[in-house]
Amino acid sequence: MPPIATEKLTRAADAFETFTSEGRSLRVMFENDRLTEIRQGENSGLAIRAVKHGRIGFSYSSKQDEVEQVAEAALRMAPFGKPYEFKFAGPAKNNQTRAVDERCASLDVEKLVQLCNRVKDVIKSIDPEAMAECSIGGGIGRSRILTSTGQECSETDSSFGWFASAKIAEEGNFLQTYRMRSGRNLMDDAEILQGARDAAEEFKVARKTAPLKTGTYPVLFAPSALADILMPIAVSINGLNIAKKTSRLVESLGEKLFDERVTITDDPLHPEGPSGSMYDGEGTVTSRRAIIEKGVLRGFVHSLSTAQQSGHQPTGNSMRSVSSLPMPGLHNVVMDAGSDDLAALFARANGGLCVTQMLGTFTSNFLAGQVSGNISLGYLVQDGQRVGRVKNAALNVNMFDLLKSAIIGISRQREWYGSEYLPWLLVDGVQVSAR
Amino acid sequence: MKEAMTTLARKSGADYCEIRLEDSWQTSIAYTGKDLENVQESHMFGGNVRVAVDGCWGFVTFNNVNDLESRVREAVASARAASRHARDRSILAPTTPVQAEVRLDPKVDPRRVTLKDKIDLFGSYNDTMLSAPGVTSTNLRYFDKVTRLSYASSEGTWIDREEVDTGMGASAICRKNGTTARGSASEGGRDGFDRFRNLKLRMEEAAQTAVESADAPVVQGGTYTVVCDPHLAGVFVHEAFGHLSEGDNVADDPRMQEILKLGRRFGEDYLNIWDTGLDPGLRGYLQYDDEGVPTEKTWLIKDGVLVGRLHSRETAGRMGEKPTGNARAISYRFPPIPRMRNTCIGNGPHGSFNDLIKDIKLGIYAMESSGGQTNGELFTFTAGQAFMIRDGKVAERVRDVTLGGNVFDTLRNITGVAGDYHVQDSAGGCGKAGQMPLPVSHGSPHIRIKDVLIGGR
Numbered sequence: 001m002p003p004i005a006t007e008k009l010t011r012a013a014d015a016f017e018t019f020t021s022e023g024r025s026l027r028v029m030f031e032n033d034r035l036t037e038i039r040q041g042e043n044s045g046l047a048i049r050a051v052k053h054g055r056i057g058f059s060y061s062s063k064q065d066e067v068e069q070v071a072e073a074a075l076r077m078a079p080f081g082k083p084y085e086f087k088f089a090g091p092a093k094n095n096q097t098r099a100v101d102e103r104c105a106s107l108d109v110e111k112l113v114q115l116c117n118r119v120k121d122v123i124k125s126i127d128p129e130a131m132a133e134c135s136i137g138g139g140i141g142r143s144r145i146l147t148s149t150g151q152e153c154s155e156t157d158s159s160f161g162w163f164a165s166a167k168i169a170e171e172g173n174f175l176q177t178y179r180m181r182s183g184r185n186l187m188d189d190a191e192i193l194q195g196a197r198d199a200a201e202e203f204k205v206a207r208k209t210a211p212l213k214t215g216t217y218p219v220l221f222a223p224s225a226l227a228d229i230l231m232p233i234a235v236s237i238n239g240l241n242i243a244k245k246t247s248r249l250v251e252s253l254g255e256k257l258f259d260e261r262v263t264i265t266d267d268p269l270h271p272e273g274p275s276g277s278m279y280d281g282e283g284t285v286t287s288r289r290a291i292i293e294k295g296v297l298r299g300f301v302h303s304l305s306t307a308q309q310s311g312h313q314p315t316g317n318s319m320r321s322v323s324s325l326p327m328p329g330l331h332n333v334v335m336d337a338g339s340d341d342l343a344a345l346f347a348r349a350n351g352g353l354c355v356t357q358m359l360g361t362f363t364s365n366f367l368a369g370q371v372s373g374n375i376s377l378g379y380l381v382q383d384g385q386r387v388g389r390v391k392n393a394a395l396n397v398n399m400f401d402l403l404k405s406a407i408i409g410i411s412r413q414r415e416w417y418g419s420e421y422l423p424w425l426l427v428d429g430v431q432v433s434a435r
Numbered sequence: 001m002k003e004a005m006t007t008l009a010r011k012s013g014a015d016y017c018e019i020r021l022e023d024s025w026q027t028s029i030a031y032t033g034k035d036l037e038n039v040q041e042s043h044m045f046g047g048n049v050r051v052a053v054d055g056c057w058g059f060v061t062f063n064n065v066n067d068l069e070s071r072v073r074e075a076v077a078s079a080r081a082a083s084r085h086a087r088d089r090s091i092l093a094p095t096t097p098v099q100a101e102v103r104l105d106p107k108v109d110p111r112r113v114t115l116k117d118k119i120d121l122f123g124s125y126n127d128t129m130l131s132a133p134g135v136t137s138t139n140l141r142y143f144d145k146v147t148r149l150s151y152a153s154s155e156g157t158w159i160d161r162e163e164v165d166t167g168m169g170a171s172a173i174c175r176k177n178g179t180t181a182r183g184s185a186s187e188g189g190r191d192g193f194d195r196f197r198n199l200k201l202r203m204e205e206a207a208q209t210a211v212e213s214a215d216a217p218v219v220q221g222g223t224y225t226v227v228c229d230p231h232l233a234g235v236f237v238h239e240a241f242g243h244l245s246e247g248d249n250v251a252d253d254p255r256m257q258e259i260l261k262l263g264r265r266f267g268e269d270y271l272n273i274w275d276t277g278l279d280p281g282l283r284g285y286l287q288y289d290d291e292g293v294p295t296e297k298t299w300l301i302k303d304g305v306l307v308g309r310l311h312s313r314e315t316a317g318r319m320g321e322k323p324t325g326n327a328r329a330i331s332y333r334f335p336p337i338p339r340m341r342n343t344c345i346g347n348g349p350h351g352s353f354n355d356l357i358k359d360i361k362l363g364i365y366a367m368e369s370s371g372g373q374t375n376g377e378l379f380t381f382t383a384g385q386a387f388m389i390r391d392g393k394v395a396e397r398v399r400d401v402t403l404g405g406n407v408f409d410t411l412r413n414i415t416g417v418a419g420d421y422h423v424q425d426s427a428g429g430c431g432k433a434g435q436m437p438l439p440v441s442h443g444s445p446h447i448r449i450k451d452v453l454i455g456g457r
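Protein chains in written order, with this note's numbering: chain Z, 1 to 435; chain X, 1 to 457.
Source of the hints: derived by calculation from the structure; they are not laboratory data.
For every residue, glycine included, the Cβ atom is placed at its ideal position computed from N, Cα and C.
There could be a bad hint or two in this list.
[To be verified] Which residues of chain Z face chain X? A partial, calculated answer using Cβ under 7 Å:
| hint | residue |
| --- | --- |
| 1 | 32 |
| 2 | 39 |
| 3 | 55 |
| 4 | 59 |
| 5 | 73 |
| 6 | 325 |
| 7 | 435 |
[Said to hold, decoys possible] Stretch-level coverage of chain X by chain Z, calculated; a stretch enters the list once three of its residues show a Cβ under 8 Å from a Cβ in chain Z:
| hint | segment |
| --- | --- |
| 8 | 54-60 |
| 9 | 202-214 |
| 10 | 295-306 |
| 11 | 369-383 |
Excised from the complex, chain X in its bound form (with noise of 0.2 Å):
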């Protein structure tokens, strides 16, 4: 397959011409409440050719590899037709031509467990949650996938990759007197199934959260200090400050390019923000992405200011700058776009959590995340679980705590950053352009925000 993909990618007649191909194995489970809602395992092949020309992009997908010569006919046509109406044209940023086969170690393949010893050992989960006092039903997902991506470019890059991702999202629900509340738990990665293997006690303490925030009050709604625990902190750097820093946002935009200059200041010195295809065993880890350029750790923020943004090699182009491995596309059916892998916030010099904590006279302890969504300048996500602060102390649980505002306040707002820095996968994924869920992680210490917009009561 080598020879022929990289032959017809070189003989495209285009400025430039990739050729992907994917197949994948995916095993499902899911429950809802008692029963067994769906096990399934599945077979995925497709594929996609992109060319460019005169900086105009023809795409198109198919299933059925046999005429994979037309397919670049085809993409060949359209982008000759995009580029006679184009007024502007494309410059794709150089890179090292790659030649690499990545094979998936043996031990993290998923596929070495038996279905059967996956239902069980989620049905165990989902009956802990089932069977604690006051959980009246329970949702809980599980997937892994294995795939394999064969790339070729018209510039030499060759590249064949086996990867793995995992992904397990369980909630526990508590209905009362007209109220539904939830506590979930989740877990996920590249580096095997050993990791969803002894999740019992955070079971419990899912179930543990839905009983007790059913009985809690819907918080009163309002400007509070929050302390965001990790993975709420996590969610909040990914949707506040991930997805402003994706080229595409600003390659085309003088007004966007003079917002986002490099240099200009975000927040306080100790805020310091990146994002790494480099963690292993994370669901963001990438060695290579979906245009063959290697993966990077690319500092966003350093020391409150801004010193980068992730790219294509196209935005990179556009913009004169370096590509930072992070053209992505879910699967054949897209285009790879700027997207994130792990995108974090560094340890910061203010202690542990309960520093953080100490002078709030009145504030919200806000964790977990149950969704987020920005526009680029507002955002707005849900906590799963949430206390008052009440005198430097966490005092009573509250519930229905959304979080919102405004990216660029909020970072300034940032006035605390512990040095407990976590990282916390789970089966969900980043939506952008109708491609979702791609695999992303986000870590964080605790932070401390003020003013944040509090909607409830």
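With the rest of the complex left out, here is chain Z (with noise of 0.2 Å):
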């Protein structure tokens, strides 16, 4: 990476921030049964926040090399910019590891192919009417963040993921089920192989529909459905909701909010997580903390700015990428497992739903803890299996309501969705509308 700390800046900013990131991909992909295409990416790029007169610019370049015109727009945009009220990131050094899986950074396209090849044969060979989708891929990317500050730390990444999917549009039915996975580091071909299996299974249970009238009922949540039911914690704990006053929650650190089986936990360490690092967006050290623990909120998570603005210490939580200013996210969501065998939660849920995938949660207003969508894939339970799935049916629950006082049970097992890590949740007096 060139130098990123230029004579402009130190001379003409009272204080300054660059932020550099390459990286390197690969990705092969499957549609609709063939082979459709080799993706390789190169991305590079260069941020700086500048303070001049006590406010801050922002500028980027996809250019590494635009040091110098990077950082005179960021100067130039500092009388339009917000105050600098906080500071940034002084001289900090994570203890903790994280390990690099340097395989990623040189996949062999044949074999992925192949894999893609593989994946697709094991999904014709449980339905042979199944479309198959796959795509495999995974890559290594270094950022380096150094601050007028003191701060001055760089890390390397390691990504690898898969997806495969088994789909078909009949008249009347379209359904796709699919199972995806990505993490730090390449996966056996076995893991995803068996992923497959898994959506290639729950497809052929998916082509039969059962009715469904509107009423309320047991619903078991799996992982993936979860991730979206979660929103409102999500959105209720970020610093701009904290920082703001917009957040029902801004009060609430050590109030018991959940049933004291919920314990979530933000872990930008976890081996397994695709997300997280060891410094965030803006070189502050991460480290893993508690948001809920046993039902009580234990912590919201900040960027430099929203600590500030808030009164509380950052939490190593900005996010960002070249092209957008650090703001406060999640790295790895991970909830504790319950005490419940996810086979006896599937008895218990009789009479009522497994829901996998939902529709349209995003307009939802989390901020108030609502959750409305369709239900994209559910599926009616009987005697603890799923007979068949359920069409054209929408539900709205509030997460606040439902963790607090409707959970039956949470599963032993887990799943990683995306950088959530969640387990099975069957909840009871869920209203769903069916026509």
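Using the supplied hints, reconstruct the complex from the two chains, each of which is provided in its own coordinate frame.
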């Protein structure tokens, strides 16, 4: 990486922060049973925040050699910027380490293509009518932060991920089931093929439909749907909503909000988590932190700015890309496992639903705790089994109420869904509209 | 550059090769509450090489243009590796090579307006919303982007085009008794900065919507006849039918080809749907797509019957149909795929808004949109604001109105199309395959749909 503290910055800015990143990635893609594309990406960039007369200016470029121009633009923006009320990160070192899987930097195209073919074969062997979709890829990235206040840190990150799906479009029945996983290390072929098998087995069940009437049901949320249900927590503990007092949890630290079986941790250093880093997007040292502990609210997630505005300590949760200002966010969301066996939860969900995919929940009023949307993939559960897919149904829940008093059980089993490691959650009394 | 790119594309050794360079300058302004949250000017430069060997694609992106020849070699190597394992071959539908230079009319270049003027203008709009009694916060985002795109293909196409894109989204927020309600206003286009002036009244309306919605009851869930305003109807046609019409949904899937067979009836005689790149000034305006194909007005449904779909050269080639100029990429980081431009429901025979609602005993008037999603068959989206319709008249305001349903049933259930076609651009965009937000437009008159599932209390 080129030098990133220019003479112009040190001379003209009262304080500054430079952020550079670069990465390479490779991905092999199968769609509709056929290999469609091999994609190789290179990306790089440089972002600068510069302080002049007490205000912060920001600019970026995808060209790392445009340091002078970016510094100049950042200084030009400063008069319009926000007041510099916090301090850029000072010198600090994270004594923990994160392993980097260098194999992600030199993935073998031929091997990935063959693996995609095997994924397709697995799916077709379970249901020949399914159309297979698969993508596998990974890469390596490096980032570096340098501040005039003394922090200088850099980090290398490896990534690997796969997606395997079975789908069909039939008159009156569009269906897609999938499994996916992303992480920091190369994954075994066996794991990917098992994911394809699970997606195809679910596909077989989902091809049958089951009738449903509008009513109140117990609902078993799979990790992939629970991620949607938990969105109000992520939004309500976000430093932006704490600093602006738009979250209902502003005054709730230490308060018991939920059932004591609910424990949620943010773990930037989780060895299997695809997100996370030793230093956040502003160079603050990260650490594993409790968000909800036995139902009690324990922590918010802050950037330097939101921490200062809220009168809290920074938490190492600044997220950024080259083209965006640092914003608070969660690294890897880890929810504690429960004590219930998944099969037992299915048995207790008798007559209710198992939901694995929601559609359109992002338009919900998360700050109010509301999560609403179509059930794009859900099943009627009878005698401990998913007996068929429920169609044309929507649900609307208030997560704060749901996690407080509606939990029947939480599974021992957990699965990664994106950067969230979650169990299955069985709740009672969910209002489902159906047609 | 023209010479170098064209020569490299021709000499790649692949069956087909295209090279794209993209240079863009963006200004962004964001207010949150009283704070000017973000002001930035930035520069992005990058490019890609996309090649086909035996119908398989190799795609390489880069930020550094110095070693273009190596990038072409990498893309060819990828495509070769893919082609060794492919059992199926793509064919690109033929097009006539184009040589074109498209220069920006300096009058529409938003860089002519100073950053300070922009900050002052949007700051005044933000103040208008914030000063309305009952408004507790605001969000206002503005961007403008000027892009120069250079494109060369091995078939001899060379396009050097400049384009501008602008957008603004403003929301007034009212928090009251644990309820959060919003009112929104949006604007956008490709014809310069002037369209952002004189929007004070719209800011006042957004504030009023937020304050009134906070006091409104949550809608009672159930099945209703719904009248959608042009904005929401446009979102509906985009989400529910536009995506379904994209060629990559259909080209490789015999079952989808059966479901979306040309000539099949999807709605009543008065249902007309098209997608066009030909409306100057709209965000969905496009002279050439990202494969260098001139855009057009593509009919999708004519008199209730399916007559077309949206193609890239690849999907058109696979289906033996004609490319429609719909291959679009959000940036050099992605390959072009079939995407919409300006997707519209045409005017119908059912008069005015009042004519549409006069026979509705109990229904919902759903306006604007705060987002939507579809999985092909099912759709869901949330109205920006809504009212009950009682005995043929607009009645009390309700909130948290989420519409959901089956695309095919819903198209059949359109029982009224008014004659008041309207397009309102915004700062948002369309998302697909990780490419978001792509500038698109959508337009419609008011439409009436029976039996819509409304999520609510």
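To see whether the hints hold, each was checked on the structure:
| no. | hint | verdict |
| --- | --- | --- |
| 1 | 32 | holds (3 Å) |
| 2 | 39 | holds (5 Å) |
| 3 | 55 | violated (10 Å) |
| 4 | 59 | holds (6 Å) |
| 5 | 73 | holds (5 Å) |
| 6 | 325 | holds (6 Å) |
| 7 | 435 | holds (5 Å) |
| 8 | 54-60 | holds (count 5) |
| 9 | 202-214 | violated (count 0) |
| 10 | 295-306 | violated (count 0) |
| 11 | 369-383 | holds (count 13) |
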